[in-house]
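Chains as they are written, first to last, in the working numbering: chain A, 1 to 147; chain B, 1 to 485.
It is possible that some hints are incorrect.
In the SDA-like style, the derived pairs of lysine to any residue whose C-alpha atoms are separated by at most 20 Å in a straight line are [what the hints assert, rightly or not]:
hint: 1; chain 1: B; residue 1: K464; chain 2: A; residue 2: Q126
hint: 2; chain 1: B; residue 1: K384; chain 2: A; residue 2: L6
hint: 3; chain 1: B; residue 1: K469; chain 2: A; residue 2: I10
hint: 4; chain 1: B; residue 1: K464; chain 2: A; residue 2: W121
hint: 5; chain 1: B; residue 1: K469; chain 2: A; residue 2: W121
hint: 6; chain 1: A; residue 1: K129; chain 2: B; residue 2: F466
hint: 7; chain 1: B; residue 1: K386; chain 2: B; residue 2: A462
hint: 8; chain 1: B; residue 1: K384; chain 2: B; residue 2: A461
hint: 9; chain 1: B; residue 1: K469; chain 2: A; residue 2: Y100
hint: 10; chain 1: B; residue 1: K469; chain 2: A; residue 2: S64
hint: 11; chain 1: B; residue 1: K384; chain 2: A; residue 2: A7
hint: 12; chain 1: B; residue 1: K464; chain 2: A; residue 2: A123
hint: 13; chain 1: A; residue 1: K129; chain 2: B; residue 2: E465
hint: 14; chain 1: B; residue 1: K469; chain 2: A; residue 2: R71
hint: 15; chain 1: B; residue 1: K469; chain 2: A; residue 2: A49
hint: 16; chain 1: B; residue 1: K469; chain 2: A; residue 2: A3
hint: 17; chain 1: B; residue 1: K469; chain 2: A; residue 2: F99
hint: 18; chain 1: B; residue 1: K464; chain 2: A; residue 2: D70
Honestly, the hints are just simulated from the structure, not real lab data.
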Amino acid sequence: MRAQHLAASIVLTSSANAIVPKHGSEPYDVSKAAVNHLIRELAIGLGPAIRVNGIAPATVVAGSAMFPRDRVAASLRKYEIAFDEVESTEDLRAKLARFYAQRTITRAPILPLDCANAILWLAGDQSAKTTGHVIPVDGGLPEAFLR
Amino acid sequence: MPESVSETRLLDNLWDEAEAGRLAPQPLELLRYRSNLLGADLRITNFGGGNTSSKFTLPDPLTGDPVRVLAVKGSGGDLRSIAASGFAILALDKLEALIARYRGEAHEDEMVAFYPLCAFGDNRVAASIDTPLHAFLPFDHVDHLHPDWAIAIAASANGRRALDEFNARYGRRIAWLPWQRPGFELALMLRRAVDAQPDCDGIVLGSHGLFTWGTTQAECYRNSIRTIDQMGQLVGERARRRGGASFGGAAVRAPRQADEVVAAILPHLRGAVSSNRRVVAHVERGEEALRFANSAWAADLCALGTSCPDHFLRTRISPLFVPWNPDADDGAALRRRIDDRIAAYRRDYVAYYEGFATPGSPPLRDSNPSVVVIPSIGVVGFGKDKREARITTEFFVNAIHVMDGATALEDESSAEAPGGSRRPEQAAQFASFHNYVALPRAEAFRIEYWALEEAKLQRTAAEKEFSRKLTGRARRRRRPECGGG
Numbered sequence: 001m002r003a004q005h006l007a008a009s010i011v012l013t014s015s016a017n018a019i020v021p022k023h024g025s026e027p028y029d030v031s032k033a034a035v036n037h038l039i040r041e042l043a044i045g046l047g048p049a050i051r052v053n054g055i056a057p058a059t060v061v062a063g064s065a066m067f068p069r070d071r072v073a074a075s076l077r078k079y080e081i082a083f084d085e086v087e088s089t090e091d092l093r094a095k096l097a098r099f100y101a102q103r104t105i106t107r108a109p110i111l112p113l114d115c116a117n118a119i120l121w122l123a124g125d126q127s128a129k130t131t132g133h134v135i136p137v138d139g140g141l142p143e144a145f146l147r
Numbered sequence: 001m002p003e004s005v006s007e008t009r010l011l012d013n014l015w016d017e018a019e020a021g022r023l024a025p026q027p028l029e030l031l032r033y034r035s036n037l038l039g040a041d042l043r044i045t046n047f048g049g050g051n052t053s054s055k056f057t058l059p060d061p062l063t064g065d066p067v068r069v070l071a072v073k074g075s076g077g078d079l080r081s082i083a084a085s086g087f088a089i090l091a092l093d094k095l096e097a098l099i100a101r102y103r104g105e106a107h108e109d110e111m112v113a114f115y116p117l118c119a120f121g122d123n124r125v126a127a128s129i130d131t132p133l134h135a136f137l138p139f140d141h142v143d144h145l146h147p148d149w150a151i152a153i154a155a156s157a158n159g160r161r162a163l164d165e166f167n168a169r170y171g172r173r174i175a176w177l178p179w180q181r182p183g184f185e186l187a188l189m190l191r192r193a194v195d196a197q198p199d200c201d202g203i204v205l206g207s208h209g210l211f212t213w214g215t216t217q218a219e220c221y222r223n224s225i226r227t228i229d230q231m232g233q234l235v236g237e238r239a240r241r242r243g244g245a246s247f248g249g250a251a252v253r254a255p256r257q258a259d260e261v262v263a264a265i266l267p268h269l270r271g272a273v274s275s276n277r278r279v280v281a282h283v284e285r286g287e288e289a290l291r292f293a294n295s296a297w298a299a300d301l302c303a304l305g306t307s308c309p310d311h312f313l314r315t316r317i318s319p320l321f322v323p324w325n326p327d328a329d330d331g332a333a334l335r336r337r338i339d340d341r342i343a344a345y346r347r348d349y350v351a352y353y354e355g356f357a358t359p360g361s362p363p364l365r366d367s368n369p370s371v372v373v374i375p376s377i378g379v380v381g382f383g384k385d386k387r388e389a390r391i392t393t394e395f396f397v398n399a400i401h402v403m404d405g406a407t408a409l410e411d412e413s414s415a416e417a418p419g420g421s422r423r424p425e426q427a428a429q430f431a432s433f434h435n436y437v438a439l440p441r442a443e444a445f446r447i448e449y450w451a452l453e454e455a456k457l458q459r460t461a462a463e464k465e466f467s468r469k470l471t472g473r474a475r476r477r478r479r480p481e482c483g484g485g
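Make a model of the complete structure from these sequences and hints.
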C-alpha cells in the first residue's frame, strides 16, 4: 500500500467483547482489546494516506460457522432457553439469535450484511475523515458505549 | 496458382448448415449467428472490434409494406456475444437519401445525428459510426473485421505491393484504400472503390482493417475466414522465409523475472500511473509479450505507436517503454526509471494534446499511459477495472501481432513511400520502422479527441463507488496483481 502512494483504507474486525468482558472468553476478548489499540497505533503510523478503522460486532449467529449444533444447544441450556431435540439446527440458531437480540436496544439479530455495510462505509471514500476508530455493530449495547 | 476456395488452414470453419437452416427464416438471427462465429476467434477480430451487417426486407410495422433494411452491429457491441437485440436496424432508402444532404468531409460528423432518424420501426439501438460503410457497399452481407494478419498488411510500408502479391498468389482481387478516418467520407470512398473495380472481392483499409462480403450469409462468412486465413498464411510464410528472430532479436537476455520480482514492482508502477485517476493492472507475461518486451526494436516500436484505431483507443497513442536490464540494474533503479519515464510520457502527452487541440476539442484526458512495457517483466495494461485492464492488454498483444507481421513483410520495396495516406502532404507523416507504419499523431488525435468518441464516452454508465479499487473475485492468485485500495 505504501509503495503505491495512493489513499487507502484498512478495516480490522474487532468485537464488542474487546471492551465488554465475558466469562470464559479471556483469550479472544484480550486479543480483540489489542486489536482496538492496534487500530489506533496503525492509524497514527500509516497516516495520512492510509486510514485504519475497525468494526466491533456482537454475536452474529446467522450464517456463522462458529455455531455448530452442540455449541448452540450448550448456549441455550446455559441461558435456560427451552428447546426440543427434534428442532432443526436452523431453528435452534434462530432461538439463540433472538435471545441475544432481546438484550440489545434495537432488539434485532445482527446479520453479516450489517457488518458488511459498516465495513463498506469505512473502506470507501465516504469515511475519508475518519481514522483510528471502532464502529460498533452490536444492536445497541450500553456496556459497549464508547467514551 | 489459386488455392482451393473452401479450404482454410489456420482458422476453423464453424458454419453449421443445420443450425443455419434452422435460422434461415429470420435473417436477423442468422446475422447474429454469423457474427457470433466470427467473434469467437480473436485472430478474426479483436474484442468489440469490427462490425457485421445484412440487408434484407421487413414489413413496415405501420403499413405492412416491404421495406429494405440494413441490420448492422450497434455502437459498442461485441461480435462474439452480440444478441439479435444488439443490432441497429435502419431503412436503406433513408440512408441513401443522406448522400444528398452531405456537405463534404469537413462536415461529415453532422451526418451521425441523422442515423437515429433512419431507424426502422421502434429500433433504438445506437448506430455505430461505421453504419454508412455497410450501407453504401452494394452487397447484401458485409463483414468489417480487424484481423491482426490483415492489419499487418494494412500497416506495412509496402502494403500495397504485399497485397498485389497476395492477390496473385491466391487468385483474389482485393482492393486497397489508403487511411481515412471512419465516417461518411470513407463510406463514399468504399462505394467508389467498388464502382471503379466491380470485380473486387474485398477491401483492405490502410492502417485499419478489412472488408469482405457475400450474396448470402454463408458466403460472406466463408469469404471472410478464407481471406483472413490466406493473409495469415502469407504473413506466416514471409516470417519463416525471412528467418531470424522477430523484432531484431533479444536485447535483454536476462530470464523472465520471477513472479515475486513482478509483485515487488507492481505497487510502485500502479501508483505512478494512477497519478490522475486510479487504475487497476493486468499483467501479461506470455511468450509473445516477453519476446517483444525483451527485443532490440521494442523501444522504437513503442515510441512509434499503434496503428489500428480500435487498438489505439484502448492502448493510447503509444505504450510506455521502460528500459531495464535486471542483470545490470536493481529494483530501486527500475523504480526511479519508471518515475522518470512516466513524467516524460505525461509531458509528451500534454504537448501532443496542446499541439493538435482546437477550441472545439474535448478537454484533456488522463495523460498517463495505459500500457507499460518492461523487459523481462512483460506488458502491463491498465483500466478502470480488471476487465478493462485485461482487454487493454489483449489489444496491445494484437498490436504486437500486427507489428510482427508488418516487420516480417519487410523487403527491398519497403523503402518506397508508404501507401498509407490519401493526401501527398500527409504521406510524410506516416513514419515507419522496419516496414511497420504507425498512425501519424495528427490522425491519432483526430480519433482520440473526436467529438463522436467523446459522446460515446459520455454515454457510458457512471462509475460505481468502488470502481478502480477492486481487482475481482477474492481467490488465491498465482500471478501478482495490484490489490484494491
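Hint-by-hint comparison with the structure:
no., hint, in the structure
1, B/K464 x A/Q126, "holds, 13 Å"
2, B/K384 x A/L6, "holds, 15 Å"
3, B/K469 x A/I10, "holds, 13 Å"
4, B/K464 x A/W121, "holds, 14 Å"
5, B/K469 x A/W121, "holds, 14 Å"
6, A/K129 x B/F466, "holds, 17 Å"
7, B/K386 x B/A462, "holds, 17 Å"
8, B/K384 x B/A461, "holds, 13 Å"
9, B/K469 x A/Y100, "violated, 36 Å"
10, B/K469 x A/S64, "violated, 28 Å"
11, B/K384 x A/A7, "holds, 16 Å"
12, B/K464 x A/A123, "holds, 14 Å"
13, A/K129 x B/E465, "holds, 17 Å"
14, B/K469 x A/R71, "violated, 39 Å"
15, B/K469 x A/A49, "holds, 15 Å"
16, B/K469 x A/A3, "holds, 16 Å"
17, B/K469 x A/F99, "violated, 39 Å"
18, B/K464 x A/D70, "violated, 43 Å"
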